[in-house]
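Based on the sequences and whatever the hints tell you, model everything.
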Amino acid sequence: MASPFPHDYVPPAPGAGTIDPARAAAARQRIRNLNLLSFAFAIPGIAAQAVGRVMLTTVSEDPQTLDEAGKALAGAGLTLGGAAFLIIGLCFYARMKGRSWAFGLLGFLSCIGLLILAVLGKKCGFCGSDAPRSATECGRCRGPV
56 MASPFPHDYV
66 PPAPGAGTID
76 PARAAAARQR
86 IRNLNLLSFA
96 FAIPGIAAQA
106 VGRVMLTTVS
116 EDPQTLDEAG
126 KALAGAGLTL
136 GGAAFLIIGL
146 CFYARMKGRS
156 WAFGLLGFLS
166 CIGLLILAVL
176 GKKCGFCGSD
186 APRSATECGR
196 CRGPV
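The opening residue of the sequence shown carries number 56 in our numbering; numbering runs sequentially from there.
No wet-lab data here; the hints were simulated from the structure.
Because the structure is a prediction, the values reported are computed rather than measured.
Ideal Cβ placement from N, Cα and C applies to all residues, glycine included.
Careful, some of the hints might be misleading.
[Stated by the list, open to error] Computed Cβ-Cβ distance ranges for the label pairs, DEER-style: (1) P76 <-> V106: 38 to 48 Å; (2) R83 <-> L164: 25 to 35 Å; (3) P118 <-> R85: 43 to 53 Å; (4) R197 <-> A129: 47 to 57 Å.
As structure tokens, this is what we get:
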């Protein structure tokens, strides 16, 4: 007889049990909100960095006019503001994955930091166990990750 569980099923630890459905629903909503916030900050941050860099590269190395100097200053401001938005977005993304917000500081590495954070696995908010990146449920306590 075939097992009713998938091949990667891990039984809960002794005394772990399952999560209350109301708490699980609240956790799923929190994860969804953190995901939306991460996109709301990170995508405009990456776009602002790109636009700011383009503005900086189109200005000559020694700006001769006030117009060029203003364009260079605006480009630098957009680049720095975009980096700040990206870092905030990655902080929300790290919290969504059950990690410390400090992992969002990988945003200082720009898109490379985003890739590093995307490769990291998830942590369960209920029992603290590690879960694979693609998991939607903790293998130990069955809580959402």
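Hints versus structure:
The supplied range of 38 to 48 Å is met by P76 and V106, whose beta-carbon atoms lie about 45 Å from each other. In this structure, R83 and L164 meet the distance hint of 25 to 35 Å, their C-beta atoms being roughly 30 Å apart. Distance hint check: the CB atoms of P118 and R85 are about 47 Å apart, consistent with the given range 43 to 53 Å. R197 and A129 have their C-beta atoms about 51 Å apart, which keeps the hinted 47 to 57 Å range intact.
This entry satisfies every hint, going by the numbered hints stated previously.
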